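Residues in the sequence shown are numbered from 1 upward in steps of one, following our numbering.
Source of the hints: derived by calculation from the structure; they are not laboratory data. Owing to the predicted nature of the structure, the values given are computational and were not obtained by experimental measurement. Please note that the accuracy of each hint is not assured.
Stated by the list, open to error - With a cut-off of at most 27 angstroms between alpha-carbon atoms, the simulated DSS-like pairs for lysine-lysine come out as follows:
| no. | residue 1 | residue 2 |
| --- | --- | --- |
| 1 | K142 | K467 |
| 2 | K452 | K467 |
| 3 | K436 | K207 |
| 4 | K91 | K436 |
| 5 | K61 | K109 |
| 6 | K452 | K293 |
| 7 | K293 | K448 |
Said to hold, decoys possible - Label-pair restraints from in silico Cβ distances:
| no. | residue 1 | residue 2 | range |
| --- | --- | --- | --- |
| 8 | T440 | W70 | 48 to 54 angstroms |
| 9 | Q221 | E506 | 30 to 36 angstroms |
| 10 | E299 | E149 | 53 to 59 angstroms |
| 11 | W423 | D64 | 31 to 37 angstroms |
| 12 | P449 | E224 | 24 to 30 angstroms |
| 13 | L35 | H517 | 48 to 54 angstroms |
| 14 | E506 | T440 | 21 to 27 angstroms |
Backbone N, C-alpha and C define an ideal beta-carbon position, used for all residues, glycine too.
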Amino acid sequence: MERETMEFDIVVVGAGPAGLSAACRLGQLSRSNGLDLNICVIEKGAQVGAHILSGAVFEPKALDELFPDWQDAPPPMTPVSDESLIYLTTKHNHCRVPKHLAPKTLFGKNPNYVISLGQLCIWLADQAEQLGVEIFPGFAAKSIHYDNEGNVCGIVTSDLGLDKEGKPKSSFEPGIILKARYTVFAEGARGHLGCELISKFKLNKGKQPQHYALGIKELWQLPENDPRHKPGTVIHGLGWPLSESNTNGGSFLYHLDNHQIAVGIIVDLNYSNPYLDPFEEFQRLKHHPAMSKYLEGGERLCFGARALAKGGLFSLPKQQFPGGLLIGCDAGTLDNAKIKGCHTAMKSGLIAAEAIALEFAKDNPELEVNYQTHFEQSWLYDELSRARNFNGAIHKHGPILGGALAIIEQNIWPCITRKPVPWNIKDPQADYVALKDKYTCTKIHYPKPDKKLSFDRPSSVYLSGTKHEENQPNHLHISSYRIAIANHLPMFDEPSQRYCPAGVYEIVEKDGNKQLHINPTNCLHCKTCDIKDPSNNITWVPPEGGGGPDYRNM
1 MERETMEFDI VVVGAGPAGL SAACRLGQLS RSNGLDLNIC VIEKGAQVGA
51 HILSGAVFEP KALDELFPDW QDAPPPMTPV SDESLIYLTT KHNHCRVPKH
101 LAPKTLFGKN PNYVISLGQL CIWLADQAEQ LGVEIFPGFA AKSIHYDNEG
151 NVCGIVTSDL GLDKEGKPKS SFEPGIILKA RYTVFAEGAR GHLGCELISK
201 FKLNKGKQPQ HYALGIKELW QLPENDPRHK PGTVIHGLGW PLSESNTNGG
251 SFLYHLDNHQ IAVGIIVDLN YSNPYLDPFE EFQRLKHHPA MSKYLEGGER
301 LCFGARALAK GGLFSLPKQQ FPGGLLIGCD AGTLDNAKIK GCHTAMKSGL
351 IAAEAIALEF AKDNPELEVN YQTHFEQSWL YDELSRARNF NGAIHKHGPI
401 LGGALAIIEQ NIWPCITRKP VPWNIKDPQA DYVALKDKYT CTKIHYPKPD
451 KKLSFDRPSS VYLSGTKHEE NQPNHLHISS YRIAIANHLP MFDEPSQRYC
501 PAGVYEIVEK DGNKQLHINP TNCLHCKTCD IKDPSNNITW VPPEGGGGPD
551 YRNM
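Could you put the whole structure together from the sequences, leaning on the hints where they help?
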């Protein structure tokens with residue numbers, strides 16, 4: 001197929017915090033150093049921010065570096081006024097954890113902010129465009145463009161206007177080759193191109209598997225002048241309901257401006273009970289008195305879900321390869337000990353931009369960007385190194401003992417020795433192999449939604465703003481439907497029915513036989529199916545550009 005080709009110095013895949021930070025810094029360095037770089041950012045969401053989802057308590061450390069005067073015209077954000085950690089002991093009770101019994105990294109020393117990460121990305125995109133960066137939303141990077149030597153030299157966008165059989169419709173437009181002297185991949189957690197690059201260039205050789213969690217979030221509106229609303233109040237939660245199934249994770253409830261509250265749950269995807277349903281666990285959570293007392297009488301505005309990479313330094317692949325870089329959550333730069341990843345993703349983008357600009361300044365046609373040296377000399381590396389054991393300790397020893405080890409590492413050891421701990425705690429088991437046979441597990445019976453605090457999947461997907469062109473190829477590739485029915489159904493009661501928060505996967509009967517049915521138009525692009533399927537039987541690839549959820553206010 002003949003395709004149009006556009007050429008750039010640098011193509012950035014993904015308009016998230018990492019990609020936009022890289023683009024902004026490249027724009028700054030291009031101007032200050034007279035490089036005149038031609039920089040392009042492509043984004044699969046219909047608008048910048050549409051596919052961006054995070055809690056999010058934001059540490060502005062990297063933003064201070066990128067735009068020292070950002071507070072002169074800041075993006076929408078609420079300063080944190082009070083931050084606490086609570087332990088939900090049962091479905092009725094909880095206790096507040098004293099700060100000296102929690103990892104000190106959890107609480108910010110300097111002013112942190114409650115933000116909509118989508119709104120921050122919209123703000124960053126505006127800054128990037130003012131610096132001469134071209135941003136193209138609605139274009140998904142479908143595949144990687146390689147040169148004759150196998151080096152990355154750009155990407156190819158999705159073909160538009162194909163029907164369900166993959167045949168051109170009257171509206172067909174072939175994808176475009178975006179050639180680049182250097183390509184930066186910032187797709188977010190479990191990026192499909194990032195997975196290809198890691199495999200092709202063996203970037204994870206010697207590393208433990210990446211670990212993931214599923215984050216589910218809602219935005220609620222409280223009545224005006226509601227005395228329960230205290231802007232800047234941040235509550236982190238542990239324990240119930242996940243503790244009932246020995247599942248790791250946590251919860252959060254943040255008070256934003258405009259009488260809005262963000263509430264959510266984080267479920268580690270190394271859980272073992274195939275009957276566990278993260279969506280239903282979230283519905284239970286909202287009925288806990290520690291949460292419901294803020295939500296009752298409010299209106300649910302938005303819903304969303306997204307996987308996050310949380311393996312930390314031990315899972316971080318080599319980020320550099322011939323022709324490009326893997327940055328942000330596409331690589332896995334989240335700081336587990338802080339439960340924050342926005343500032344680290346942004347910093348990885350800044351490091352990438354500075355390393356790339358140095359090579360372009362040499363006018364060397366054989367670009368040999370030295371990202372790794374810059375990374376290892378940065379506060380990002382130091383931060384990830386200090387937090388390297390956090391995830392492994394929780395996975396191997398559970399939240400109580402693992403949490404105690406985290407307190408020793410983060411609170412006590414530095415005060416005594418002023419040096420990093422000398423030990424390492426790793427988790428070599430991939431999340432997808434963690435499920436146990438259903439006959440060894442307790443079946444979980446979830447209550448019906450009351451439609452006041454808890455809701456069903458269809459109404460939640462509706463509030464996510466998810467839209468896809470109906471007549472297009474299925475972007476959820478099943479390696480074998482037989483495996484789902486012959487293996488997963490008898491062993492795990494086909495867990496995709498539950499781990500997917502959007503009801504994409506269903507077991508239906510047809511002519512007396514059970515079949516796996518897929519509703520791709522429901523897909524929230526959370527990537528959980530790509531991560532948790534026990535046989536790696538599902539591969540997520542992007543649909544036509546512009547399809548998916550709309551999280552710009554989330």
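Distance restraint hint 31 to 37 angstroms, applied to the beta-carbon atoms of W423 and D64 | holds, 33 angstroms
Starting from K142, check that the Cα of K467 is at most 27 angstroms away, please.
-> holds, 19 angstroms
Quickly compare the C-alpha distance for K452 and K467 to 27 angstroms and report which way the hint goes.
-> Distance of about 25 angstroms is within 27 angstroms: holds.
Falls inside 53 to 59 angstroms, the C-beta gap from E299 to E149?
-> The hinted range 53 to 59 angstroms holds for E299 and E149, with Cβ atoms some 57 angstroms apart.
May I ask you to test the hint 48 to 54 angstroms on the CB atoms belonging to T440 and W70?
-> holds, 53 angstroms
Just tell me: holds or violated, for the beta carbon distance of L35 and H517 against 48 to 54 angstroms?
-> holds, 52 angstroms
Given the range 30 to 36 angstroms, decide if the beta-carbon distance of Q221 to E506 lies inside it.
-> Holds, since Q221 and E506 (Cβ atoms, about 32 angstroms apart) stay within the stated range.
Under the criterion that the straight-line Cα-Cα distance not exceed 27 angstroms, is the pair K293, K448 satisfied?
-> Holds: K293 and K448 sit about 20 angstroms apart, inside 27 angstroms.
Between E506 and T440, does the C-beta distance stay in 21 to 27 angstroms?
-> holds, 25 angstroms
Between K61 and K109, does the CA-CA distance stay at or below 27 angstroms?
-> At roughly 11 angstroms apart (the allowed maximum being 27 angstroms), K109 and K61 satisfy the hint.
Given the proposed pairing of K452 with K293, does the C-alpha separation stay at or below 27 angstroms?
-> It holds: about 13 angstroms lies between the C-alpha atoms, which stays within 27 angstroms.
Range hint compliance [Cβ, P449 to E224, 24 to 30 angstroms] | holds, 27 angstroms
Figure legend: structure checked against the earlier numbered hints; every hint is met.
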